[in-house]
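Please build the complete structure, drawing on both the sequences and the hints.
Protein chains: 2
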Amino acid sequence: MAITVVGSVAYDSIETPAGRKDRCLGGAATYFALAASFFTDVRVIAVVGEDFGAEQEAVFHARKIDIDGIERAEGKSFFWEGSYLENLNEAKTHNTELNVFAAFNPKIPDAYRDSEFLFLANIDPVLQRRVREQMPGVKLVAGDTMNYWINDHRPALLEVLKGIDILLINDTEARVLASNTNLVKAARGVMNMGPRMLVIKHGEYGATLFHKPVEGRESKTFRAPALPLEEVVDPTGAGDSFAGGFFGYLASQPALTPGTFRRAMFYGSVMGSYACERFGTERLQQLTRKEIDERFQAFRELTHLD
Amino acid sequence: MAITVVGSVAYDSIETPAGRKDRCLGGAATYFALAASFFTDVRVIAVVGEDFGAEQEAVFHARKIDIDGIERAEGKSFFWEGSYLENLNEAKTHNTELNVFAAFNPKIPDAYRDSEFLFLANIDPVLQRRVREQMPGVKLVAGDTMNYWINDHRPALLEVLKGIDILLINDTEARVLASNTNLVKAARGVMNMGPRMLVIKHGEYGATLFHKPVEGRESKTFRAPALPLEEVVDPTGAGDSFAGGFFGYLASQPALTPGTFRRAMFYGSVMGSYACERFGTERLQQLTRKEIDERFQAFRELTHLD
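These protein sequence lines are chains A and B, in that order.
According to the numbering used here, the first sequence is numbered sequentially starting from 49.
According to the numbering used here, the second sequence is numbered sequentially starting from 49.
Take the hints with a grain of salt, since some may be wrong.
The list treats identical chains as one, so a pair stands whether inside a single copy or across any two.
[Claimed, not checked] Only pairs whose alpha carbons sit at most 30 Å apart, straight line, appear in this in silico DSSO-like list of lysine-lysine:
(1) Lys260 <-> Lys338
(2) Lys338 <-> Lys233
(3) Lys210 <-> Lys124
(4) Lys69 <-> Lys233
(5) Lys112 <-> Lys140
(6) Lys69 <-> Lys210
(7) Lys233 <-> Lys140
(8) Lys155 <-> Lys268
FYI, nobody ran anything at the bench for these hints, they're computed from the structure.
Structure, rendered in structure tokens:
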């Protein structure tokens, strides 16, 4: 089943202990779409500027991603500059230029309206909600956010959370959103805001899936590891790639059983780990389904007793 | 098979967000011995002062732990005071009084000499080495250390590492010991100092077991989770309890296969998680083998795909 994703398609300048790369193709929707495209059809809603050309389009086309929903506007694309020199788990932002994103008003192509899965990548919760409301018939909605929206746009964020089934955020975001330092209590607090499932990402330590308790059924928490990596070239987009693997796998399955969600967590970790191996989207562009399944097996061996 | 452990038996005054407890029985050897005693025979080498009496002895006797190797000296027992008010993952030390530990010279009772497993808990590496040398016939030696010894007693530590099969330390200690921020590279660096296996403990995110590559065989890394806990009453001794569960299980098994080590990691996590549920050794004292096996199952469900 097809996924529609709304989010940023951008240029990133990134510095890590492994080196520096200027103006590589990035943005949450880009990483998400590339990762999810290994599992199912993906359709992107975003806005780009005049600096987005045939070379960038080709990246999406090579993975058969539908970019009819990427609007072209006058001006420059969203630009982010950041580094991970002291801490590979957390980016230090040096510069953010919204550019064409400042006036973004997401429009959903008619051909996208039969998408059964919707992913609201990390953008202004007002825009997330606008997209959510235009797609009332979707089967499953997942989304991401960040501390900026949690701290400074809380009312709008709380509004959109009511329409999200699965929220994917990191430890710090969960703690801040729920005002609780204990992760289990923070998870419950976040799920009380709307989402019936919550994926908390722990960076190099993996991710945990929490479920809202359903009456008459025990709610099982599930933890997927991350792969101990010898070289993290560039962690940019690892979280979005996790989301793409997780949600892409879910959308590819005939039924959403507890086992499907557990495997989706593993596929999320697989895609997140690959994303870190090269700068920008480079590794995801070169990836094969065979490599994905090999790493899935490696994760099983890393964590399973027998 | 029996384990001999050398380390501190002490009194701790602890403050956590859950409250405060003064002068409860503690020390690395105490936590280790209690945790390991659920799996095998344990013998303790330590020194205590005149403040160690029948009440404290009873804690060990209730778990059938051999304390003939606990020497009584004039003066007071080792005392530690610390808090976890801002960060449950890292203690803030307010006071350390070595007391009788300052002149400790470990003596090994003859009855301990047939122990096939030896655990060198976190004490001065000079003492660890002295015990190691007096027990040349042991089958497997594991040990712990901390940043103080890594930073300020490095030559003595490097010496003792040559005689240790399995080192158990946390992320920060591994990174500092190997001078490498990447955990996989740090693990390799530490194993090049002697230990053929290394357990790196990640606090609330679990622990990873690394093996030195053996020629002609792929070395598999294994990651055990920690249990997402709703209430961490007191993390003191969680690492020592992990070590006790891990090493105790190994000592109880007829053969040390890769599967034995993976299950040992789970039992380590189980004992570490129980230790946090009450102040001091309280939870370990009340624990049953049935509860241990139930939590082992919970860890399996937390991490296994099917």
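Here is what the structure says about each hint:
1. Lys260 <-> Lys338: between (34 Å within a copy, 28 Å between copies)
2. Lys338 <-> Lys233: Intra 39 Å, inter 27 Å, cutoff 30 Å: inter-copy only.
3. Lys210 <-> Lys124: So Lys210 and Lys124 fail the 30 Å test inside a copy (33 Å) and across (59 Å) alike.
4. Lys69 <-> Lys233: Answer is between; shortest inter-copy Cα gap is 24 Å, intra-copy 40 Å.
5. Lys112 <-> Lys140: neither (33 Å within a copy, 54 Å between copies)
6. Lys69 <-> Lys210: The answer is neither: 38 Å in one copy and 43 Å across copies each exceed 30 Å.
7. Lys233 <-> Lys140: Cα proximity of Lys233 and Lys140: in one copy and across copies (28 Å, 24 Å).
8. Lys155 <-> Lys268: neither (38 Å within a copy, 49 Å between copies)
In this structure, the hints that do not hold are numbers 3, 5, 6 and 8, in rising order.
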